[in-house]
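Chains D and H are the protein sequences, given in the same order.
Take 1 as the starting number for the first sequence in our numbering and just add one per residue.
Take 1 as the starting number for the second sequence in our numbering and just add one per residue.
Treat the hints loosely; a few may be bogus.
Said to hold, decoys possible - List time: in silico EDC-like cross-link candidates among lysine to aspartate or glutamate, alpha-carbon distance up to 20 Å: (1) H:Lys-492 x D:Asp-54; (2) D:Lys-492 x H:Asp-63; (3) D:Lys-58 x H:Asp-513; (4) D:Lys-58 x H:Glu-19; (5) D:Lys-492 x H:Asp-54; (6) D:Lys-518 x H:Glu-516.
As the list claims (entries may be wrong) - Sample of chain D residues lacking proximity to chain H, with all beta carbon distances greater than 10 Å (derived): (7) Gly-20; (8) Gly-224; (9) Lys-445; (10) Thr-458.
Hints were generated in silico from the structure; no laboratory data involved.
Note that the structure is a prediction, hence the values are computed from the model and not measured.
Where a beta carbon is used, it is the ideal one built from N, C-alpha and C, also for glycine.
Number of protein chains: 2
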Amino acid sequence: MSKLRIALAQLNTTVGDIEGNQGRIAEAILRAKAWFADLVIVPELALTGYPPEDLLLKPQFIDANERALKRLLPLTQGIVAIVGYVQQQRDGSLYNAAAVLAGGRRLATYHKRCLPNYGVFDEKRYFTPGSEVLLLQVGKIPVGVTICEDLWELQPARDLAKAGAQLIVNLSASPYHAGKLALRQKLFSKRAKENGVCVAFCNLIGGQDELVFDGASLVVDASGSIVGQARQFAEDLLVVDLELASKSLPQRPALPALAKQGILKPVEEIYEALSLGLKDYVRKNGFSSVVLGLSGGVDSALTATIAVDALGSSRVKALVMPSRFSSRETQQDARKLAETLGIESWDVSIESLFVSYLKTLRRFFRSMPANTTEQNIQARIRGNLLMALSNKFGWLVLTTGNKSETATGYTTLYGDMAGGLALIKDVPKTLVYQLARYRNRRRNKPVIPQSILQRAPTAELALGQKDQDTLPPYEMLDRILQAYVEENRSLKQIIQGQRVPVEVAQGVVKMVDRSEYKRRQAPPGIKITPRAFGRDRRMPITNQYQEC
Amino acid sequence: MSKLRIALAQLNTTVGDIEGNQGRIAEAILRAKAWFADLVIVPELALTGYPPEDLLLKPQFIDANERALKRLLPLTQGIVAIVGYVQQQRDGSLYNAAAVLAGGRRLATYHKRCLPNYGVFDEKRYFTPGSEVLLLQVGKIPVGVTICEDLWELQPARDLAKAGAQLIVNLSASPYHAGKLALRQKLFSKRAKENGVCVAFCNLIGGQDELVFDGASLVVDASGSIVGQARQFAEDLLVVDLELASKSLPQRPALPALAKQGILKPVEEIYEALSLGLKDYVRKNGFSSVVLGLSGGVDSALTATIAVDALGSSRVKALVMPSRFSSRETQQDARKLAETLGIESWDVSIESLFVSYLKTLRRFFRSMPANTTEQNIQARIRGNLLMALSNKFGWLVLTTGNKSETATGYTTLYGDMAGGLALIKDVPKTLVYQLARYRNRRRNKPVIPQSILQRAPTAELALGQKDQDTLPPYEMLDRILQAYVEENRSLKQIIQGQRVPVEVAQGVVKMVDRSEYKRRQAPPGIKITPRAFGRDRRMPITNQYQEC
Chain D
1 MSKLRIALAQ LNTTVGDIEG NQGRIAEAIL RAKAWFADLV IVPELALTGY
51 PPEDLLLKPQ FIDANERALK RLLPLTQGIV AIVGYVQQQR DGSLYNAAAV
101 LAGGRRLATY HKRCLPNYGV FDEKRYFTPG SEVLLLQVGK IPVGVTICED
151 LWELQPARDL AKAGAQLIVN LSASPYHAGK LALRQKLFSK RAKENGVCVA
201 FCNLIGGQDE LVFDGASLVV DASGSIVGQA RQFAEDLLVV DLELASKSLP
251 QRPALPALAK QGILKPVEEI YEALSLGLKD YVRKNGFSSV VLGLSGGVDS
301 ALTATIAVDA LGSSRVKALV MPSRFSSRET QQDARKLAET LGIESWDVSI
351 ESLFVSYLKT LRRFFRSMPA NTTEQNIQAR IRGNLLMALS NKFGWLVLTT
401 GNKSETATGY TTLYGDMAGG LALIKDVPKT LVYQLARYRN RRRNKPVIPQ
451 SILQRAPTAE LALGQKDQDT LPPYEMLDRI LQAYVEENRS LKQIIQGQRV
501 PVEVAQGVVK MVDRSEYKRR QAPPGIKITP RAFGRDRRMP ITNQYQEC
Chain H
1 MSKLRIALAQ LNTTVGDIEG NQGRIAEAIL RAKAWFADLV IVPELALTGY
51 PPEDLLLKPQ FIDANERALK RLLPLTQGIV AIVGYVQQQR DGSLYNAAAV
101 LAGGRRLATY HKRCLPNYGV FDEKRYFTPG SEVLLLQVGK IPVGVTICED
151 LWELQPARDL AKAGAQLIVN LSASPYHAGK LALRQKLFSK RAKENGVCVA
201 FCNLIGGQDE LVFDGASLVV DASGSIVGQA RQFAEDLLVV DLELASKSLP
251 QRPALPALAK QGILKPVEEI YEALSLGLKD YVRKNGFSSV VLGLSGGVDS
301 ALTATIAVDA LGSSRVKALV MPSRFSSRET QQDARKLAET LGIESWDVSI
351 ESLFVSYLKT LRRFFRSMPA NTTEQNIQAR IRGNLLMALS NKFGWLVLTT
401 GNKSETATGY TTLYGDMAGG LALIKDVPKT LVYQLARYRN RRRNKPVIPQ
451 SILQRAPTAE LALGQKDQDT LPPYEMLDRI LQAYVEENRS LKQIIQGQRV
501 PVEVAQGVVK MVDRSEYKRR QAPPGIKITP RAFGRDRRMP ITNQYQEC
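Let the hints inform the model, and build the full structure from the sequences given.
Below, the structure is given as structure tokens:
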């Protein structure tokens with residue numbers, strides 16, 4: 001038995017920033033060498049960022065990534081580095097690949113065998129699957145190479161174990177959703193045990209449009225025990241000594257004992273995912289500040305709070321935009337929140353603009369009763385004001401709609417849906433409350449006024465309006481939505497399984513089906529559930545299928 | 001030698017409308033029987049509509065499609081019908097399938113072997129590829145079955161010819177782009193000749209969100225000659241007698257000589273595609289009327305004209321919404337066009353609303369110079385007014401932006417981009433002019449005023465503004481965009497190949513790359529080029545790749 005020292009470089013790469021990514025990988029290799037590691041691995045497609053989508057169809061993009069790989073070679077004296085990149089074969093086919101670099105040379109290339117093409121993944125659009133296993137000798141230890149999905153299926157690990165691997169490394173870009181970490185721990189533990197090998201999983205971290213990669217890279221020994229875990233939602237270099245059967249390796253300083261990595265609690269974890277998703281969207285797209293409308297409701301309160309935590313209060317701006325339907329209480333709450341958060345905020349009444357619109361449209365509407373049209377006009381005035389500030393000062397507009405609203409279409413296109421990022425678009429309303437309460441408990445320093453958490457939800461677009469005039473109670477609505485959207489259950493199953501009234505379930509399903517056209521024009525939002533709207537759930541707009 | 005009579009039922013199915021589609025197929029089978037056809041084929045996935053996208057992940061949707069298939073059985077006495085549907089195997093895997101129905105029984109099922117997963121296609125997300133050929137005896141003639149992509153690749157036709165097929169039928173859902181018909185004619189002619197078989201290609205027709213299926217089903221004999229072609233952009237039943245080596249078949253009335261099907265000229269064809277795309281989006285989504293803003297420019301003029309041709313003048317409404325920057329000439333042109341088209345239109349000045357916004361925002365903007373912010377405000381007021389009418393009266397808002405604007409981001413999010421369908425989103429500006437001129441030549445009855453075609457393009461959002469202050473001349477811009485977007489050329493290739501100034505090409509590429517966030521929130525538009533924005537070109541928003 002002797003030790004193999006491995007380093008997992010959990011990096012925050014940026015899609016398209018090939019030079020920048022190369023720099024991050026280079027630094028990781030040097031740090032791993034400083035730790036006397038034998039082997040360093042980085043995430044899947046670390047050189048291009050993940051997912052590069054149709055950038056992969058540009059030959060010049062592929063060339064640039066190959067050139068960047070070559071520039072890493074001189075750094076690999078005295079270490080083995082396994083680097084994720086795109087390899088193009090002579091016939092033009094592309095592979096999601098891992099290059100093994102050592103002693104200044106490229107020793108081998110592995111091609112990902114299992115290409116995910118479900119959920120948010122489209123890898124078969126771009127890549128040819130690999131057909132061979134890759135087993136390396138690192139020191140005297142046989143190490144098998146895999147990429148992400150390869151370890152979620154059975155065959156690749158089996159093939160490698162059969163070929164004699166004692167350690168299987170896995171370069172990953174595994175996106176976050178609530179509960180994913182537990183899934184991974186269970187899976188990798190199982191893979192290790194059933195094949196009698198150690199597993200080292202190196203994950204990406206950072207936000208990319210709707211996806212957040214949560215890191216939490218893992219090292220599991222052959223008994224299935226977790227022997228090392230990297231941080232969640234932050235860059236990290238996890239260095240672990242593994243005891244493996246082999247000839248002895250050179251002496252080097254012992255590693256300090258690994259600090260037991262705490263795991264975030266479920267609600268805390270979601271909060272951090274949203275925070276990182278926002279932070280990276282802002283940073284990687286080069287925005288200085290964000291702006292949002294504060295209504296005095298819980299959705300905008302939570303959005304503003306996360307924004308302050310992610311960006312700092314000086315980079316968050318707010319408008320309070322009361323109308324004739326806004327109560328004194330909600331306005332006060334909005335102002336109080338801005339004060340507690342220490343953000344710049346302005347009061348801008350929309351009344352005169354609303355009157356202007358009604359006057360302009362009077363000849364069309366005449367004596368027709370007011371309906372959602374007049375409500376939408378108010379929401380769109382607010383959208384326009386926020387966009388005007390965005391255009392003038394370069395601020396990113398955050399929208400504040402939650403998943404329950406996005407699902408049912410209880411939202412105004414070009415109104416409260418107007419903005420660059422819909423931060424809590426994948427967060428059901430009941431979870432919005434949980435997140436707000438969690439944040440208020442943190443360090444015993446409540447930021448969101450209690451009255452916001454206690455008031456019955458209202459859009460305040462008509463007199464005495466309450467969300468529950470239109471929607472079923474949120475607790476029931478969210479159960480139906482989870483079953484219909486996330487678990488893909490049929491109406492029949494929902495009625496039986498969730499014990500909800502038939503007409504309520506029917507009504508919700510209809511609202512979801514009919515709002516596809518709105519969602520198609522929604523800004524991106526951060527995925528935190530197993531099935532978000534967007535890439536994850538691709539429904540036609542023109543669609544006459546009805547279960548009801 | 002004896003005759004085989006085949007009927008190609010070129011149907012307009014609707015995604016999700018399984019019962020309705022079943023009815024259309026049933027009617028086609030009965031009509032084919034009335035023609036004494038031996039064999040009738042329908043388009044790919046005729047029962048579900050194409051593409052059904054994530055509806056395919058609903059088990060109850062698959063069940064409903066299987067039940068509908070069974071209901072067709074009783075109609076197949078005395079005829080062989082080949083029907084596109086989704087088949088689920090016991091292990092849960094799905095196949096893009098063709099059922100062979102005859103004599104009231106299901107005789108066989110074919111599974112599509114080649115699954116397209118590029119461009120607008122995502123078939124590997126849903127389906128398992130088939131692995132077997134299917135050869136039927138119809139009368140005494142061996143007939144091979146294929147589905148769409150199968151015939152675009154080499155192997156399936158070869159396998160069938162080797163097995164003895166004399167006729168290969170192809171159930172298709174082949175979406176339109178300019179030039180596709182010629183591609184298909186060439187391809188099927190080649191496939192027939194190289195394998196010494198007849199080919200019968202039955203295409204879908206109709207609009208589905210961004211796609212238009214153009215029909216033009218084809219029958220090609222073994223020498224590669226086209227012996228029958230169905231209509232473009234309309235439902236049709238093409239019945240053809242083929243002379244094939246076999247035992248003799250029963251006597252029946254001779255078919256009338258096939259009328260030689262004329263083929264639409266290139267610009268005419270694109271006009272018809274846009275018209276059908278709009279008509280079907282409106283019909284299949286249940287709208288009564290459409291509404292749009294007329295600016296006195298060529299984009300809105302063309303959009304209104306197509307709408308009137310597709311829907312009739314009584315179903316098209318228009319607003320003329322002048323601002324302080326609108327010239328008398330453009331307003332007059334807009335009104336004249338509405339009059340010529342015979343559509344209801346109203347003049348609504350946006351001046352007082354514009355003043356209201358400027359007043360509300362004065363404390364923020366102070367003495368800052370006016371820029372695109374003030375321009376966007378005007379566009380968004382117009383968007384809001386159109387949406388208010390849409391909400392009040394249930395009209396679909398048509399946006400009028402062309403592909404050159406969509407590509408460069410020369411357009412206002414939530415402003416002129418606000419609406420349900422962006423009819424000419426995939427039409428480059430130079431083609432907009434061609435389409436307008438073509439329409440004016442039709443029946444020698446010009447509808448679009450000459451002055452609209454002659455005036456230098458302007459957004460009229462600032463004093464004396466011209467498009468060419470911001471964009472290169474459209475003729476040059478469209479060449480660059482075709483190379484960059486449709487042909488996926490690198491900046492280097494564009495500079496060399498198109499002989500355009502370096503800074504111009506760089507500027508255009510930058511504009512395209514930076515506008516991805518806008519396009520992500522754009523309404524759907526009708527695809528008419530080989531590479532449209534949307535499903536066809538999937539770029540990350542967060543993207544630091546730069547060729548410049």
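Consistency of the hints with the structure:
1. H:Lys-492 x D:Asp-54: Since the Cα atoms of H:Lys-492 and D:Asp-54 sit roughly 19 Å apart, the hinted pair holds (cutoff 20 Å).
2. D:Lys-492 x H:Asp-63: holds, 14 Å
3. D:Lys-58 x H:Asp-513: holds, 13 Å
4. D:Lys-58 x H:Glu-19: violated, 43 Å
5. D:Lys-492 x H:Asp-54: Given pair D:Lys-492, H:Asp-54 holds - Cα atoms ~19 Å apart, limit 20 Å.
6. D:Lys-518 x H:Glu-516: The given pair, whose Cα atoms are some 18 Å apart, holds under the 20 Å limit.
7. Gly-20: At about 7 Å from chain H, D:Gly-20 fails to clear the 10 Å cut-off, so the statement is violated.
8. Gly-224: It holds; D:Gly-224 is separated from chain H by about 29 Å at its closest Cβ, greater than 10 Å.
9. Lys-445: holds, 31 Å
10. Thr-458: holds, 20 Å
Of the numbered hints given earlier, the model fails hints 4, 7; all others are met.
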